[in-house]
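Those protein sequences? They're chains A and B, same order as listed. Just so we're aligned: 338 in the numbering used here is position 338 of the first sequence, and the numbers increase by one with no gaps anywhere. Just so we're aligned: 188 in the numbering used here is position 188 of the second sequence, and the numbers increase by one with no gaps anywhere.
One should not assume that every hint holds.
Unchecked claim - From the structure, some residues in chain B lie toward chain A, with a derived Cβ separation under 7 Å: (1) 96; (2) 113; (3) 114; (4) 116; (5) 130; (6) 135.
What the hints assert, rightly or not - Negatives, chain B to chain A, calculated, CB over 10 Å: (7) 40; (8) 67; (9) 74; (10) 310.
Honestly, the hints are just simulated from the structure, not real lab data. We treat Cβ as the ideally placed atom computed from N, Cα and C, and that holds for glycine.
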Amino acid sequence: MSRAVTGMGAVAGLGGRGAGMSRAVTGMGAVAGVGGDVDEVFHNLCAGRSAVAELRGFDHARHTAHHAYEVDNRPAPGVDVTRRATGLLLDAVGQAVRDAGLDESDLSGVPVLVGTGLRELRSVELWRTQGAEFPAAELHFGTALREAFRADDTHTLSNACSAGLYALALGVDLLAQGADTVVVAGVDVLTETMYGLLERVQPVPPTRVRPFDRDRDGVLMGEGAAAVVLSRVPGTRPVHGLVRDVAVNCDAFHVTAPDPAGIAEAIREAHSRGGVKPADIDLLMVHGTGTLLNDEAEATALADVFGPDRDKPLVTATKSMTGHTSGASGLLNLVVTLRCLAEGRVPPTVGLENPVDEAAGFRFVTGEAARRPLTVAQLNAFGFGGINAVAILEAAR
Amino acid sequence: MTVVVSGVGVVLPRARTAPELMAPVAEAPPVEPKDLVGRKGLRYKDRATQLAYCAADAALRHAGLLDDDGGLRVPGGSVAVVASSNYGNLDTICRAMDTITEQTAAAGSAMDLPNASSNVIASSVAIRFGLRGPNLMLCNGATSGLDAVHWAATLIRGGRASRALVLGVEPDNEAVRAFTGGARTVDGAAALVVESGQSAAERGANAPAALGSYVRGAGLGRTLDRLAKATGDRPALWHVPEQRAAAVPDTLLAGVDRHDLAEVFGLGSGALGVLQCAAAVGWFAQGGAGPVYATAGTDADDASAGIALHGRAAA
Numbered sequence: 001m002s003r004a005v006t007g008m009g010a011v012a013g014l015g016g017r018g019a020g021m022s023r024a025v026t027g028m029g030a031v032a033g034v035g036g037d038v039d040e041v042f043h044n045l046c047a048g049r050s051a052v053a054e055l056r057g058f059d060h061a062r063h064t065a066h067h068a069y070e071v072d073n074r075p076a077p078g079v080d081v082t083r084r085a086t087g088l089l090l091d092a093v094g095q096a097v098r099d100a101g102l103d104e105s106d107l108s109g110v111p112v113l114v115g116t117g118l119r120e121l122r123s124v125e126l127w128r129t130q131g132a133e134f135p136a137a138e139l140h141f142g143t144a145l146r147e148a149f150r151a152d153d154t155h156t157l158s159n160a161c162s163a164g165l166y167a168l169a170l171g172v173d174l175l176a177q178g179a180d181t182v183v184v185a186g187v188d189v190l191t192e193t194m195y196g197l198l199e200r201v202q203p204v205p206p207t208r209v210r211p212f213d214r215d216r217d218g219v220l221m222g223e224g225a226a227a228v229v230l231s232r233v234p235g236t237r238p239v240h241g242l243v244r245d246v247a248v249n250c251d252a253f254h255v256t257a258p259d260p261a262g263i264a265e266a267i268r269e270a271h272s273r274g275g276v277k278p279a280d281i282d283l284l285m286v287h288g289t290g291t292l293l294n295d296e297a298e299a300t301a302l303a304d305v306f307g308p309d310r311d312k313p314l315v316t317a318t319k320s321m322t323g324h325t326s327g328a329s330g331l332l333n334l335v336v337t338l339r340c341l342a343e344g345r346v347p348p349t350v351g352l353e354n355p356v357d358e359a360a361g362f363r364f365v366t367g368e369a370a371r372r373p374l375t376v377a378q379l380n381a382f383g384f385g386g387i388n389a390v391a392i393l394e395a396a397r
Numbered sequence: 001m002t003v004v005v006s007g008v009g010v011v012l013p014r015a016r017t018a019p020e021l022m023a024p025v026a027e028a029p030p031v032e033p034k035d036l037v038g039r040k041g042l043r044y045k046d047r048a049t050q051l052a053y054c055a056a057d058a059a060l061r062h063a064g065l066l067d068d069d070g071g072l073r074v075p076g077g078s079v080a081v082v083a084s085s086n087y088g089n090l091d092t093i094c095r096a097m098d099t100i101t102e103q104t105a106a107a108g109s110a111m112d113l114p115n116a117s118s119n120v121i122a123s124s125v126a127i128r129f130g131l132r133g134p135n136l137m138l139c140n141g142a143t144s145g146l147d148a149v150h151w152a153a154t155l156i157r158g159g160r161a162s163r164a165l166v167l168g169v170e171p172d173n174e175a176v177r178a179f180t181g182g183a184r185t186v187d188g189a190a191a192l193v194v195e196s197g198q199s200a201a202e203r204g205a206n207a208p209a210a211l212g213s214y215v216r217g218a219g220l221g222r223t224l225d226r227l228a229k230a231t232g233d234r235p236a237l238w239h240v241p242e243q244r245a246a247a248v249p250d251t252l253l254a255g256v257d258r259h260d261l262a263e264v265f266g267l268g269s270g271a272l273g274v275l276q277c278a279a280a281v282g283w284f285a286q287g288g289a290g291p292v293y294a295t296a297g298t299d300a301d302d303a304s305a306g307i308a309l310h311g312r313a314a315a
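Please work from the sequences and hints to get the whole structure.
Here it is as structure tokens:
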């Protein structure tokens, strides 16, 4: 453990200068296919339980893919309803603000940043196909957040699959520019158009997500929401962990394909902002979507940045159990990662048996959850259009 | 840190320059993107993205950030993109959904995949112009355009970029009209280059306006009060919110000149705030003096937002 101790010492020294304490996570909430709150999500992920199931929301006759990682809360099989994304978001935000001890009946003046890939576009689809009532004012989440929490400084950021961590970066900036408290959330549910269009680019319909495995067939969508309360002055309440910093950039390369160079640049910037080097990272929570392109590009970029230190961090990919929850995925991973750091426990990457060549030398957690003292984690999220976000987190000690 | 506006692009049927937002030309045909930026790269792009390309090109040129060949004069990583649109990809969603319903998912076009993600406008503009800084897509209802300007300033103040291209765009098509109950949008785009005052000065750029305070919260009256308190001055010109759902009371900022862009150009929605800021720059260019308030969101919306803009004498 001498390496881990060295890493902890180096980072604790920086944290002691106050950089980390200004971004404390004082509240967390989550809902996903694998669980309805943070405890249940983390427990099930550590147990290797996947939420993959037969597709519930859409007519199977219209699709060749028949699996997804949905939240099982529809009124009946095959019956879909509007505003499910909004419902999951309000659930997660409510959990987080109660956990932080904020007054959930009045979030006026508190910035609430919501990262989402697909907004309420599923409701638009139901309006289009079934004539479901759905007003334009509910396409963004501010209307529902105001009604539920009296929140009036709300921002719906539609930043594809890195939306959650992009929102986190903006939250960190608001704290640095004077805000005391910021709520950051991510949410997505399946849309039938995204689900259907993904079938057009994945020749073999996947039956599960197998990040970084040679025999992976691609990505399947998942549903969920996660939220955190960031505090500049955490006070006396327990702190779940610290956000050291978040880097964001854009490949400016391709509308769907990732660019390893842009990803590597984002990782390096995150390390620089967070005051860490590759050898300090104890846990790598990778984006790991299970698509052919992402996993190769992500592994190539990680290998480039970590070089000979690639065998140091434990690595895992939760999408093997949650599916790709798009805009929610970054924050869902944030919540899970802070629990990993707090408990020294890391969920396995289910379904990873033979890693791709690009990932050789990395220490993926497979089989059972790993146990090890952990201090610093890196979190990756990448989205369509080459928009990259990388966060550096630190355990609260 | 002072954040200035160093470039403006306006692409609407009845306005092609910032001053024309205050004095529109007579009825004109819809914007034809290929006539403005050429055909190259427009294929498979939705109308919102095509309109955004046109406004981005105009604003980047106006700011002096593009050379004669269209190449970027500053490092790509120094430029962020913040785009705002509520209805940008609604046509793709509706068309792809119709195909799945009437046939099956197998009949869909893989070329629609990127357009099914609402951030396609922001990322496509970044790709076209090589802008590798932070890339944000705001879909935030009535206030979205002003919120986009706010986030651009936040990124610059936070040191994440030296400058940001802010885009506001709303396309007009069958899907949008049906979804909004028959409204005709502006069917156009506006773009601003906002920049730290220091970065603009270092490259010798002219910056005709500076961004003042931004506020967002419940209630238009309260938002105006907060803006006045932060600005310490009454505005000389007030860009009022879109009034589809609720009228703006006469008692608010009584006596101040009001300008209603949506009444002239159509439903502004996510583009409105950016159009208002561009119009303020146009007003300053024509000799307007005194603070301008740009506001969006009435008491019928989830919130109101406001930004103050201040004219700057040419350097």
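Going down the list of hints, with the structure as the test:
Nearest Cβ of chain A to the Cβ of residue 96 of chain B: about 4 Å, under the 7 Å cut. The hint holds. Checking residue 113 of chain B against chain A by beta carbon gives a least distance of about 4 Å; that is within 7 Å, so the hint holds. This hint holds: residue 114 of chain B has a C-beta 4 Å from the nearest C-beta of chain A, less than the 7 Å allowed. Interface restraint check: residue 116 of chain B against chain A, minimum CB-CB distance 5 Å, threshold 7 Å, status holds.
Hint status for residue 130 of chain B: holds, given a least beta-carbon distance of 5 Å to chain A, under 7 Å. Because the beta carbon of residue 135 of chain B sits about 4 Å from the nearest beta carbon in chain A, less than 7 Å, this interface hint is met. Against chain A, the non-interface label of residue 40 of chain B holds: every CB pair exceeds 10 Å, the least being about 16 Å. No beta-carbon of chain A comes within 10 Å of the beta-carbon of residue 67 of chain B; the shortest separation is about 17 Å.
With a closest Cβ-Cβ approach of about 13 Å to chain A, residue 74 of chain B is found to remain outside the 10 Å limit, as its non-interface label requires. The beta carbon of residue 310 of chain B sits about 20 Å from the closest Cβ of chain A, which is more than 10 Å, so the claim that it is off the interface holds.
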